[in-house]
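Based on the hints, put chain C in the right spot on chain X.
What follows is each chain in one-letter form.
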Amino acid sequence: MATIKLVDITHTYVKGRVETPALRGINLTFEEGCPSALLGPSGCGKTTLLNILSGLLIPSSGRVYFDDVDVTDLPTEERNIAQVFQFPVVYDSMNVYGNLAFPLKNRKVPHREVDQRVREVACLLDLIDDLDSGPRSLPAGKRQLLALGRGLVREDTSVILLDEPMTQIDVHQRWFLRRELSKVQSRLNITMIYVTHDQYEALTFAEKVVVMNDGLVVQEGTPEELYRNPQHPFVGYFIGTPGMNLMECRLEGNRLELPGFTKSISKALAEKLKKHGAQFKLGVRPEYVHCDTRKHEGWFPLTVTIVEDRGEFQIITLQGDGSSLKSQMPSTLQVTEGQQMWVNFLEEKVKVYKNDQAIV
Amino acid sequence: MGIKVENIGKSYGRKIVLNNLSMEVPSKSFTTLLAPTGSGKTTLLRIMAGIEKPDRGRVLYNGIDVTDVPVQKRSISMVYQQFINYPSLTVYENVASPLRVSKERYSARQIDERVQEVAKLLKIGHVLDHLPEELSGGEKQRTAIARALIKGSDFIFLDEPLANLDYKLREELRGELKTVMKGTTIVYATPEPIDALSMSSHIGYLNKGKIVQFGTVHEVYTLPLFVDVGHYFNDPSMNMMEGRLVKEGGKPFISLTGDLKIETSGLEEHLAEHKTYIVGVRPQDLSIMPDRVGMVSFEAEIDFTEIVGSSTTLHLVHGDLNLGLVVHQPEKSHRRGDTITVYLDPQRVYVYEKDSEKLVIAQGEAVPA
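Going line by line, the protein sequences match chains X and C. Take 1 as the starting number for the first sequence in our numbering and just add one per residue. Take 361 as the starting number for the second sequence in our numbering and just add one per residue.
Here chain X stands alone, though its shape is the one from the complex (with noise of 0.2 Å):
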């Protein structure tokens, strides 16, 4: 396994006249035995990333290196990775015991190490016992299994590639999976990527998670580091559900004025916002946004709009004048829509932002 590392990469894809910035300046590390994500949304850049670490394509500029090694320039076999896509890559005509073998056998490793290895993977990921089915005749979660299979076989394999995996498997397909592959890699200290725009995705299955947007990286860390401290309002919105509720504010005195509300703010904070000017970027996550059909003092009132009942809490949007903010209730509180609470947030619990930058 190999520890992979990304320097001053950008790609930009020409079509005639045409230029198309994918990839703005990418500077990556991923260590290795380290699972990471790559996550973001659609056109944000991962897939071009993802195709650069495998070999598909050459970025406009920068380095690609596999430990020390620059592969910028090896084609995608020669670099021994393995990959798993949306679609599981298996031949239907061969049993999960001809599909294991068949890298190896490609290779002319003898017969005998040939089975050592096909029995060691299969065992691993829970296919022993399905060693002479076909695959057409597994689920949906254990085909993909055979493919990341297929890629373990090879004791060479410097990295594992994952584009989607789960997109074609069920709901609760995907709790099994996410098992099996949260077990190999802590078994084999494997270097994994995990390419998705599926928070939850990433956030599960990595150690390390890169938000990617608009061809930049925005933030890297820990699942945690991302929920708990987003350092750009782009990361609160799109780490957890429903995002952080962000909000333009003015600092008046010891006061933030949002649209169709007042918070007033402890001196502490003005003191400290006032350095940076008065205009700013506000950012609170639905689960600290309180509501109360009651009147609290300091409390601001605003409309019920939707009202989602997600079974054991509720996210309630509420609407002021030109402002809309989610709230994460439990689902004992009885409301309806078009009712008005009173609602407030802790200031501890705020981000405020400059420029896209965290601040607080």
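No lab work stands behind these hints: they were computed from the structure. Each hint should be verified, as a subset may be incorrect.
Claimed, not checked - Derived CB-CB ranges, DEER-like:
#1 333/X x 727/C: 23 to 31 Å
#2 716/C x 322/X: 54 to 62 Å
#3 266/X x 448/C: 58 to 66 Å
All C-beta atoms in this analysis are idealised placements derived from N, C-alpha and C, irrespective of residue type, glycine included.
Just chain C now, with coordinates in the frame of chain X:
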């Protein structure tokens, strides 16, 4: 009123897709057909809409049999998983198209008013002069939804409309669809429990060509009548544990594993001794702290932890059992291999008969047969 399907049968060759299926969708409800992939929900939706004909049975709209009425003559709209728009028409013309071909003969002004209205609702006002290929995935699907809304159809059918969208877009549209669709009868097919929970008023859980349970979302969530409904209609899935009813010291217990028992005093007449039951408990109802009175505790080993935004899911192992537990905190203080004490509230469990897979006890109370 609303939509009624009666004794619907449908096969493709030798494969039975729908098997004598009956269901009633209340008027102006947002009904979700929740089902695993391949269980016939798309077929059912297409039969309800009139795109496909059933082999047997009838479809009624507001009490009138429409089984043989062709789809063009029904007041319906349909939205698909694929973003279907006319590629050569602008977004404006795409949205306006149902009115242009309508027999009602709308004036240009009426059309413009309606297009602006639904475009505003679906937040595509700024791309009305664009062609579909210039749009993002989310905008393409918003256009298709706007087109479905503009006619003011009595019934709108949606077949996994969010499946091809990014996670974040899905989340946004989920909130909006509920508002946008208000006042129309909606049937929405999806394999995702969260779609059903966050948007719909009613839910029909479909499996193997039959409606297993139908009711309001609240009814089905609090009273999942069969093992597979309970298991499926929760994310993560409900934990299911098998056990037998035994008597110890004169008290009845369902014994799940060596040291994990759930007392069932007061429910004797609904449970039989030595019979096997399946006990279901939601991952959200297992706890790492004894936060209620009368909780049962047991030791479990942490297999791994997942942080999902504001909550953390622990994957636990206890004997042969694999269990999920949700903690409402983003933390990773628990490590793989650690042993922790888990608390279970006997008042929060669902007890199913193993043979019939039917619910007998729900959260401490007997379920009427």
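Here is what the structure says about each hint:
Checked against the given bound of 23 to 31 Å, the beta carbons of residue 333/X and residue 727/C, roughly 27 Å apart, stay inside it. The supplied range of 54 to 62 Å is met by residue 716/C and residue 322/X, whose beta-carbon atoms lie about 56 Å from each other. Checking the proposed 58 to 66 Å range against residue 266/X and residue 448/C shows it holds: the Cβ atoms sit about 59 Å from each other.
No hint from the list above goes unmet by this structure.
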